[in-house]
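A.B. asks: Residues per chain are reported as follows:
Number of protein chains: 2
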Amino acid sequence: MNDVTARKRGRPRRTESADTRDLILTAAREEFSERGYEKTSVRGIAKAAGVDSALVHHYFGTKEQVFEAAIEVAAAPALGAPDAVAEGPLEGVGERLTRYIFGVWENPATRTPLLAIVRSAVNNETAAAVFRRIVASQLLRRIAAQVDLPDAELRAELAAAQLVGTAMLRYVIKVEPLASADVEQIIARVAPVVQGHLTNP
Amino acid sequence: MNDVTARKRGRPRRTESADTRDLILTAAREEFSERGYEKTSVRGIAKAAGVDSALVHHYFGTKEQVFEAAIEVAAAPALGAPDAVAEGPLEGVGERLTRYIFGVWENPATRTPLLAIVRSAVNNETAAAVFRRIVASQLLRRIAAQVDLPDAELRAELAAAQLVGTAMLRYVIKVEPLASADVEQIIARVAPVVQGHLTNP
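Going down the list, the sequences are from chains C and B. In terms of our numbering, the first sequence is numbered consecutively and its last residue is 1252. In terms of our numbering, the second sequence is numbered consecutively and its last residue is 1252.
The set of hints was computed from the structure by calculation and includes no laboratory data. Among the clues, some could well be false.
Identical copies look the same in the list; a pair holds intra-copy or inter-copy alike.
Calculated pairs, DMTMM-like style, for lysine to aspartate or glutamate (alpha carbon to alpha carbon, straight line, at most 25 Å) [claimed, not checked]: (1) Lys-1225 to Asp-1199; (2) Lys-1225 to Glu-1115; (3) Lys-1090 to Glu-1176; (4) Lys-1098 to Glu-1085; (5) Lys-1098 to Glu-1123; (6) Lys-1090 to Glu-1115; (7) Lys-1225 to Glu-1119; (8) Lys-1225 to Asp-1202; (9) Lys-1090 to Glu-1123; (10) Lys-1090 to Asp-1103.
This structure is a prediction, so every number in the text was calculated from the model and none was measured.
Throw the hints in and build the complete structure from the sequences for me.
C.D. replies: Spelled out as structure tokens, the structure:
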């Protein structure tokens, strides 16, 4: 086998493996959203992806690890806020963050996977642990790092609590008038609270 | 049958019926907490209570109605805040409400049934509708009625969102340092936010 053949054979194989990974992750996200963490199995994910269970274990490991990989992708729009949101100037961070989070929730394409994660995290300790790790490392710590106060992490969490609670009541429980209120009206009321938690002396 | 016999027979029967009702409600709360709304059946509740399914239907009606009755009892400590909490003077209502809600969550005896309700409401539309109806009628409307501003209900809901979100992150997702922080430290930060939502111009 000469170099050219090796390269030719090698390239599609790498692509194939990336495709298989994506295929498994998509199937995993669908299974976890539909059935919740507890009722989802590696075997079920493999079946939905049309691959062997051994391949799922090979790429990701345990069910918990598949879940972590699946929610990292699903949560990316909500948690991987652009640097400009989390790391811009401190004045206005409440407004930027609130606007960003409600942007994600208002968009059905990003809301659906997020809802699936929240449901799994509320119902299962392992899923809650994964959610906690990702939220903490990808969003809360980044914001807390900007706040030059001793209890920065607690502040970031209480700010997140206002956002999480508002999203729960508006998009999950659907309490009125909150569920139908104009999103700009909500941002106008929530942003100063988020800002206050982060920077009030 | 003379009057005395009728009364004698009538009294134990009334007691028995109240006991059976309680027995069914207790079994229902346990079933809903353990299995969640979807996987719980009237037949399963009847079996756990040691009665016939027909009796459950007789006392409560449909599964949704059993759920409503069960969570009204379970949520009573959280929602049926004493009049003094919801209806006292407006200054200080944020502090009274926050202190009351965290009191309920800090007590394992009232936290467990509350967690079960939250889990069911997050996972099932019917359960969410029942939760919404009870929270709205028993807590939010009472608080909103005290606030003499045009958007009183939205204000009450955003105040509730801060409380709900903080409880979620502390007791359900268990994000640190929030999960281990002293409850007085949390009340000190959350109460002014709740107050602000309700009364800031």
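A.B. asks: Decide, hint by hint, whether the structure agrees.
C.D. replies: Right, here's what the structure says about each hint:
{"no.": "1", "hint": "Lys-1225 to Asp-1199", "result": "between (36 Å within a copy, 24 Å between copies)"}
{"no.": "2", "hint": "Lys-1225 to Glu-1115", "result": "between (30 Å within a copy, 18 Å between copies)"}
{"no.": "3", "hint": "Lys-1090 to Glu-1176", "result": "both (14 Å within a copy, 19 Å between copies)"}
{"no.": "4", "hint": "Lys-1098 to Glu-1085", "result": "within (15 Å within a copy, 29 Å between copies)"}
{"no.": "5", "hint": "Lys-1098 to Glu-1123", "result": "within (22 Å within a copy, 42 Å between copies)"}
{"no.": "6", "hint": "Lys-1090 to Glu-1115", "result": "both (13 Å within a copy, 23 Å between copies)"}
{"no.": "7", "hint": "Lys-1225 to Glu-1119", "result": "between (28 Å within a copy, 17 Å between copies)"}
{"no.": "8", "hint": "Lys-1225 to Asp-1202", "result": "between (33 Å within a copy, 17 Å between copies)"}
{"no.": "9", "hint": "Lys-1090 to Glu-1123", "result": "within (20 Å within a copy, 29 Å between copies)"}
{"no.": "10", "hint": "Lys-1090 to Asp-1103", "result": "within (19 Å within a copy, 30 Å between copies)"}
Every hint from the earlier list agrees with this structure, and none is contradicted.
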